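My numbering numbers the first residue of the sequence shown as 1 and each following residue consecutively.
In case anyone wonders, no lab produced these hints; they're calculated from the structure.
This one's a predicted model, so the numbers in the text were calculated from it and none came from an experiment.
Check each hint, because a few of them may be wrong.
Claimed, not checked - Here are the computed distance ranges between Cβ atoms for each label pair:
#1 Val52 / Gly5: 30 to 36 Å
#2 Thr43 / Ser76: 21 to 27 Å
#3 Gly16 / Thr71: 28 to 34 Å
#4 Asn3 / Val52: 27 to 33 Å
#5 Asn3 / Phe77: 30 to 36 Å
#6 Tyr31 / Glu84: 16 to 22 Å
#7 Met42 / Val87: 34 to 40 Å
Backbone N, C-alpha and C define an ideal beta-carbon position, used for all residues, glycine too.
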Amino acid sequence: MRNRGDYDAYQIAFEGPDSVIMSGTSKLPGYHLAYVYRRRAMTAVSFLYLFVAGNTLVKVRGTVPASHFQTTDLPSFAHEVVAESVVNHPRLKR
Numbered sequence: 001m002r003n004r005g006d007y008d009a010y011q012i013a014f015e016g017p018d019s020v021i022m023s024g025t026s027k028l029p030g031y032h033l034a035y036v037y038r039r040r041a042m043t044a045v046s047f048l049y050l051f052v053a054g055n056t057l058v059k060v061r062g063t064v065p066a067s068h069f070q071t072t073d074l075p076s077f078a079h080e081v082v083a084e085s086v087v088n089h090p091r092l093k094r
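Given only the sequences and the hints, what does the whole structure look like? Please build it.
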């Protein structure tokens, strides 16, 4: 995206495996990634969460200004959205 001119600069802040605990002890596997980017005078942090429920891919993405990075609740919000969106998924093990 930097080569296309969408970002002036970007850097991956963190990434790695993730999971959402569903009812009881079942876990929904996933992956999370956050990157910092600069576009003109704005610097922001974008969070991306991917989870697999059966044959369904659930993606949650949110972006906040870099100045709000430490106070955002996007990580917990993303987990809540995923848990609620797949709670009745027919292929999810319970």
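Status of each hint after checking the structure:
1. Val52 / Gly5: 30 to 36 Å: Given about 33 Å between the Cβ atoms, the range holds.
2. Thr43 / Ser76: 21 to 27 Å: Between Thr43 and Ser76, where Cβ atoms are some 23 Å apart, the hint holds.
3. Gly16 / Thr71: 28 to 34 Å: violated (22 Å)
4. Asn3 / Val52: 27 to 33 Å: Given range 27 to 33 Å: holds, Cβ gap about 30 Å.
5. Asn3 / Phe77: 30 to 36 Å: This hint holds: roughly 31 Å between Cβ atoms.
6. Tyr31 / Glu84: 16 to 22 Å: Between Tyr31 and Glu84, where Cβ atoms are some 19 Å apart, the hint holds.
7. Met42 / Val87: 34 to 40 Å: holds (36 Å)
Figure legend: structure checked against the earlier numbered hints; the only hint not met is number 3.
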